[in-house]
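K.L.:
Take the sequences, apply the hints, and build the full model.
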Amino acid sequence: PVFPQPILYSYFRSSCSWRVRIALALKSIDYETIPINLIKDGGQQFSEEFQALNPMKQVPALKIDGITIAQSLAIIEYLEETRPTPRLLPQDPKKRAQVRMISDVITSGIQPLQNLSVLKQVGQENQLTWAQKAIRSGFNALEQVLWSTAGKYCVGDEVSPPPVFLCHRFKVDLTPYPTISRINKTLMALEAFQVSHPCRQPDTPPELRA
Amino acid sequence: MKQVPALKIDGITIAQSLAIIEYLEETRPTPRLLPQDPKKRAQVRMISDVITSGIQPLQNLSVLKQVGQENQLTWAQKAIRSGFNALEQVLWSTAGKYCVGDEVSMADLCLVPQVANAERFKVDLTPYPTISRINKTLMALEAFQVSHPCRQPDTPPELRA
Numbered sequence: 001p002v003f004p005q006p007i008l009y010s011y012f013r014s015s016c017s018w019r020v021r022i023a024l025a026l027k028s029i030d031y032e033t034i035p036i037n038l039i040k041d042g043g044q045q046f047s048e049e050f051q052a053l054n055p056m057k058q059v060p061a062l063k064i065d066g067i068t069i070a071q072s073l074a075i076i077e078y079l080e081e082t083r084p085t086p087r088l089l090p091q092d093p094k095k096r097a098q099v100r101m102i103s104d105v106i107t108s109g110i111q112p113l114q115n116l117s118v119l120k121q122v123g124q125e126n127q128l129t130w131a132q133k134a135i136r137s138g139f140n141a142l143e144q145v146l147w148s149t150a151g152k153y154c155v156g157d158e159v160s161p162p163p164v165f166l167c168h169r170f171k172v173d174l175t176p177y178p179t180i181s182r183i184n185k186t187l188m189a190l191e192a193f194q195v196s197h198p199c200r201q202p203d204t205p206p207e208l209r210a
Numbered sequence: 001m002k003q004v005p006a007l008k009i010d011g012i013t014i015a016q017s018l019a020i021i022e023y024l025e026e027t028r029p030t031p032r033l034l035p036q037d038p039k040k041r042a043q044v045r046m047i048s049d050v051i052t053s054g055i056q057p058l059q060n061l062s063v064l065k066q067v068g069q070e071n072q073l074t075w076a077q078k079a080i081r082s083g084f085n086a087l088e089q090v091l092w093s094t095a096g097k098y099c100v101g102d103e104v105s106m107a108d109l110c111l112v113p114q115v116a117n118a119e120r121f122k123v124d125l126t127p128y129p130t131i132s133r134i135n136k137t138l139m140a141l142e143a144f145q146v147s148h149p150c151r152q153p154d155t156p157p158e159l160r161a
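Read top to bottom, the protein sequences are chains C and W.
Residue numbers for the first sequence follow full-length UniProt numbering, beginning at 1 and rising by one.
Residue numbers for the second sequence follow full-length UniProt numbering, beginning at 1 and rising by one.
Bear in mind the hints are in silico, worked out from the structure with no lab data behind them.
Computed from a predicted model, the values in this text were never measured in an experiment.
Hints are not guaranteed to be accurate.
Quick list of simulated restraints, FRET-style, between CB atoms [what the hints assert, rightly or not]:
1. W/161 / C/37: 49 to 55 Å
2. W/148 / C/28: 45 to 51 Å
3. C/176 / W/140: 47 to 53 Å
To list a few chain C residues with every Cβ distance to chain W over 12 Å, as calculated [as the list claims (entries may be wrong)]:
4. 16
5. 35
6. 52
7. 100
8. 124
9. 148
10. 173
11. 178
Backbone N, C-alpha and C define an ideal beta-carbon position, used for all residues, glycine too.
P.N.:
Structure (structure tokens):
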């Protein structure tokens, strides 16, 4: 069957959404964006409509090939399996394990601890400290892991998901993380990372637009 | 990351449970832990990620230490309930005998330990009949029994099966 264009439910600033936008850009997959504003209207992710689409009430969610997938890495692995070129995972199982390990450090070890919903719970006066602690703790570990895996990018010299870009919003000083900084800088020069940037999305507020 | 698990295998060390499991699946492919169909594989990974990114990190030891002893139970219960509310809904469309269809998958490997955590934190499972049913079916399988916390080399005597 021929399916309509994929639809990505995304928030411009959501790092999880950004990961998927990069993957779609790297694989040159055209898609439509339906913005879900996580703040407006009490959070559009809580609407009944969106909840039916993704019971986790989070972005991103991708409608593709007749199904809806949530969770950024599940989406990216599906794209990799169904649109295999260009590769986002190396061929060698040991290198694939390294890529997945690094991805999981970020998506399970860092990001969930500093997302909007958790920050709301810790209270406004604690938010910055909490987020910084989560990021620094994770980056300390990640920097060490990258010493043994990194080439030009996180694992060797081929781009694979996901890069890191959480820092600036929470004012985390990147000086202790030279490998993370170097790789991030190299990645940010690539077109797929630029077109998918929060400052270039359909729902980017005018004052933040590139 | 200063966390468990870590697996030393084939000359490398891998951390992060799903990265380990995917490596095992790719290098020791039978019996399968992921279905063949990419759409079902996506469902397995999605459910696994809901648990490993959406629930567990919010109620692990290190986070609970940070929220302080008097808040721990409430915090953990909230994280688990929130995640299980979503998971129960997802399972309505994916579950057969197990989380995705009728074959044990990586999603089931994530479910059982999380249900055990829920019980530890006194989360009432009545609102989650699908999760409960699948958990019960899985706990009858040998692999889930031999791997249980009450049967490990480091299980304290008072908790041993």
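K.L.:
Look at each hint and say if it fits the structure.
P.N.:
Here is how each hint holds up against the structure:
no., hint, in the structure
1, W/161 / C/37: 49 to 55 Å, "50 Å, holds"
2, W/148 / C/28: 45 to 51 Å, "47 Å, holds"
3, C/176 / W/140: 47 to 53 Å, "49 Å, holds"
4, 16, "9 Å, violated"
5, 35, "21 Å, holds"
6, 52, "9 Å, violated"
7, 100, "4 Å, violated"
8, 124, "16 Å, holds"
9, 148, "10 Å, violated"
10, 173, "21 Å, holds"
11, 178, "19 Å, holds"
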